[in-house]
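Chains as they are written, first to last, in the UniProt record's numbering: chain A, 1 to 101; chain B, 1 to 604.
Since the hints were made in silico from the structure, they are not lab data. You may find that some hints are simply not true.
Using 30 Å as the maximum straight-line C-alpha spacing, the simulated BS3-like pairs for lysine-lysine come out as follows [said to hold, decoys possible]: (1) A:LYS31 with B:LYS95; (2) B:LYS548 with A:LYS89; (3) B:LYS284 with A:LYS89; (4) A:LYS31 with B:LYS548; (5) A:LYS28 with B:LYS95; (6) B:LYS546 with B:LYS438; (7) A:LYS21 with B:LYS95; (8) B:LYS95 with B:LYS154; (9) B:LYS284 with A:LYS21; (10) B:LYS283 with A:LYS28; (11) B:LYS235 with B:LYS95; (12) B:LYS283 with A:LYS31; (13) B:LYS546 with B:LYS283; (14) B:LYS283 with A:LYS89; (15) B:LYS95 with B:LYS283; (16) A:LYS21 with B:LYS283.
To give a feel for the contact side, a few chain A residues facing chain B, derived at Cβ under 10 Å [what the hints assert, rightly or not]: (17) ARG35; (18) ALA55; (19) ALA98; (20) VAL99.
Just so it is clear, CB atoms sit at the ideal spot from N, CA and C, and this is done for glycine as well.
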Amino acid sequence: MARRSNAEHAYVVAYDISDPKRWRRVFKTMKGYGRWLQLSVFHCRLDGGRRAEMASALEDLIDRDADHVIILDLGPAEDVEFAVESLGKSFQPIERRAVVI
Amino acid sequence: MSSSDTRSDPPAGSVPGQDALGQNLSDQGAAAPARPAARQGELALFAPPAAADEMLTPARMINEWVYCPRLAVLEWGRGEWAGNADTAAGRRAHKATETGAAPALPEPDALPDDRTLKTRRLLLASERLGLTAELDVIEADDGRVVPVDIKTGKRPHVAEGAYLPERVQVCVQALLLREAGYTCEEGALWFADSRERVRVELTDELIATALGAASDLRLTVAAGRLPPPLDHSQKCVRCSLLPICLPDEVNWFRKGAIARTPPPAATPALPLYVQTPGARVTKKDFTLVVQVEGEADRAVALDEVSELVLAGPVSLTTPAVHELLRRDVPVAWMSSGFWYLGSTGGQGPRSATVRTAQYALAADEPRRLAFARELVAAKIRNSRTILRRNWRGEDGERGPLLDRLALLADRTARAETAAALLGLEGEAAALYFRALPKLFTDAVAALPAFAFERRNRRPPADPVNACLSLIYAVLTRTFSSAISVAGLDPWKGVYHAERPGRPALALDLIEPFRPVLADSAVLMALNNGELAPDDFVSAAGGCNLKPKARRALIAAYERRLDQETTHPAFGYQVSMRRLIQIQARLFARFVCGEIPRYPHYVPR
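Using the sequences and the hints given, assemble the complete structure.
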């Protein structure tokens with residue numbers, strides 16, 4: 001069952017999409033929810049509402065029989081120290097900060 | 001339908017004790033709005049049928065009225081809305097009803113009696129009852145119809161099978177079906193998470209409750225009354241309107257009870273500033289992409305933008321504007337010097353109630369002066385606090401200065417006119433700004449470029465004044481958008497006179513925040529060495545920040561907004577960013593007369 005808290009959690013979203021057209025759509029949609037980490041893997045920081053919206057948007061896009069999306073909850077974004085080992089490039093948790101360009 | 005229109009006698013003349021209303025409703029010729037079996041000595045009076053241009057009460061709002069009257073009036077009467085995890089989950093559960101076959105529902109006499117029929121998403125309305133409803137699913141079987149409402153979550157384990165608000169909602173749907181001529185003997189609720197169906201029996205008592213609630217809601221909205229918040233109710237915790245309703249804060253004024261936790265922000269989104277000349281903002285997929293020549297494009301998820309701030313020659317594409325308007329995200333348009341030109345979108349609630357009350361306050365001279373007195377006092381006290389906290393000068397000078405400011409703050413209470421207040425404010429500001437260099441670190445004080453003698457503007461003559469002017473402008477913009485979201489008009493002030501192009505209300509409300517937010521952000525940036533003398537350009541008697549320095553200073557200000565503070569009235573820890581939103585909402589409550597005074601932010 002989906003989490004309903006309104007506090008922000010960090011997530012890893014990974015997907016296997018069998019059709020390139022749907023894969024492209026899922027990729028585009030995910031850009032609205034998080035940071036592209038690796039091929040078919042996104043890192044997100046979402047409150048309960050956006051998490052539900054993301055799941056709902058993905059649900060609409062995928063073919064339930066052929067595709068697979070997993071949403072891994074890494075815990076509350078503010079409090080949790082991620083036990084992440086990142087080889088090669090570095091991994092940085094998403095910080096909430098106003099963007100000034 | 002027509003027969004009932006002509007024959008509908010005024011409900012006020014109803015006979016108490018009349019029953020069998022369910023039958024009345026399914027029977028077209030029967031008397032108007034069904035009346036419950038009133039208890040002895042209780043006269044059931046219902047709102048009259050809806051007038052031609054009156055909006056019909058949605059069944060969903062009657063559910064909310066039974067849950068919390070204030071919630072229903074805020075949403076339906078005041079045009080407020082906010083989502084949260086639960087509303088998003090509800091939408092997700094409802095999607096199931098949008099798919100699948102949806103044949104038209106046949107007329108009552110054409111219902112097939114040999115097979116069942118299922119349809120979805122039906123809109124029903126009745127002017128006689130003053131009600132409307134959107135039905136998720138309607139099942140027809142054997143000449144009878146059953147409305148089924150989809151709910152997220154699990155079935156509650158209560159004797160009636162579901163909580164009263166949900167049963168009332170289904171009941172209203174059933175009444176509307178009866179009104180349309182169908183035979184409807186029961187309703188149902190489908191709980192999507194536990195996949196359980198609950199039968200809703202249409203008892204006389206439930207129908208009476210539903211019609212009574214519908215009537216109360218309509219009359220309350222028509223009277224412009226906002227019911228008081230619930231008192232420390234468990235219902236508030238997960239209510240999506242919590243940041244708008246402020247139950248604990250409003251109750252604090254009524255009972256002196258402590259507000260325990262700050263309300264959550266409506267969304268965790270943050271402002272996006274684009275101030276690099278020549279930058280271009282476009283929409284791509286679900287992001288805003290900022291293109292700056294010679295730099296890699298930056299994409300920011302649309303959901304993460306609470307407000308788009310564009311300063312100077314920056315362009316924004318029409319598709320991006322459309323998307324931002326659709327999401328009700330304001331775009332603040334500012335000059336290169338961050339002079340606030342206006343906003344697009346972000347109009348706040350779909351109602352003018354708060355603005356109307358604001359104009360009434362502005363026209364009420366004694367109330368206006370009383371507010372201005374407290375405002376100026378708060379500003380002087382806060383500038384005193386900044387001096388007290390950050391003093392780096394000689395100790396002997398500090399005490400008399402702080403005493404003098406405290407005296408000026410106390411004197412505001414006796415000011416007879418706005419002009420007298422202006423005098424006190426000016427005197428305090430002169431003392432404060434003269435002492436400002438005493439708050440610089442030695443390293444900053446040693447730099448001739450950062451010498452500061454007095455506050456000047458239009459244009460600012462030196463780097464420190466340039467920084468202050470910029471941050472005051474940004475602070476004004478922060479408040480302008482917060483007060484617009486709260487339904488207030490930024491152009492009509494209480495203390496500041498109205499002048500074209502001047503967001504007078506924003507200028508009013510920022511007064512106490514100038515020292516604690518703006519000045520302290522400038523001090524932070526200077527004392528941390530984030531700004532250097534060569535970050536500024538002087539031209540034509542004015543001084544300006546270079547783009548990189550503006551970015552650094554605005555980032556320092558935004559960091560300051562994320563710092564936590566203790567709310568002086570309510571005692572909880574809250575970020576400055578949320579504090580501003582809370583203060584704007586409280587000011588709206590104050591102008592509407594719901595709370596007796598506006599609690600200024602005066603930290604210790």
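Check: Is the hinted pair LYS31 of chain A and LYS548 of chain B satisfied, with a Cα-Cα distance of at most 30 Å?
Finding: It holds: about 28 Å lies between the C-alpha atoms, which stays within 30 Å.
Notebook entry, point to check: Is LYS283 of chain B close enough to LYS31 of chain A, meaning Cα to Cα at most 30 Å?
Noted result: holds (12 Å)
Next item on the list: Mind checking the CB of ARG35 of chain A against every CB in chain B and telling me if the closest is under 10 Å?
Entry: holds (9 Å)
Notebook entry, point to check: Is the straight-line distance between the alpha-carbon of LYS548 of chain B and that of LYS89 of chain A 30 Å or less?
Noted result: Distance ~28 Å between LYS548 of chain B and LYS89 of chain A Cα, so the pair holds.
Check: Taken at face value, is the distance from the CA of LYS154 of chain B to the CA of LYS95 of chain B at most 30 Å?
Finding: This hinted pair holds, its Cα atoms lying about 17 Å apart.
Next item on the list: With a cut-off of 30 Å on the C-alpha distance, tell me whether LYS21 of chain A and LYS283 of chain B pass.
Entry: Roughly 21 Å separates the two Cα atoms, so the pair holds.
Checklist line | Given hint LYS95 of chain B paired with LYS28 of chain A - CA-CA distance at most 30 Å | finding: It holds: about 21 Å lies between the C-alpha atoms, which stays within 30 Å.
Note to self: Holds or violated: LYS95 of chain B and LYS283 of chain B, Cα atoms, limit 30 Å.
What the structure shows: holds (27 Å)
Margin query: LYS546 of chain B and LYS283 of chain B were given as a pair; does the straight-line alpha-carbon distance stay at or below 30 Å?
Written below: With Cα atoms ~28 Å apart, LYS546 of chain B and LYS283 of chain B stay inside 30 Å; holds.
Check: Holds or violated: LYS31 of chain A with LYS95 of chain B, Cα cutoff 30 Å?
Finding: Between LYS31 of chain A and LYS95 of chain B the Cα gap is close to 23 Å, so the pair holds against 30 Å.
Next item on the list: Grab the minimum C-beta distance from VAL99 of chain A to chain B and call the hint holds if it beats 10 Å, violated otherwise.
Entry: Holds, about 5 Å.
Next item on the list: Given the hint that LYS284 of chain B pairs with LYS21 of chain A, test it: the Cα-Cα distance must not exceed 30 Å.
Entry: The hint holds at about 17 Å.
In summary, the structure agrees with every hint in the numbered list given earlier.
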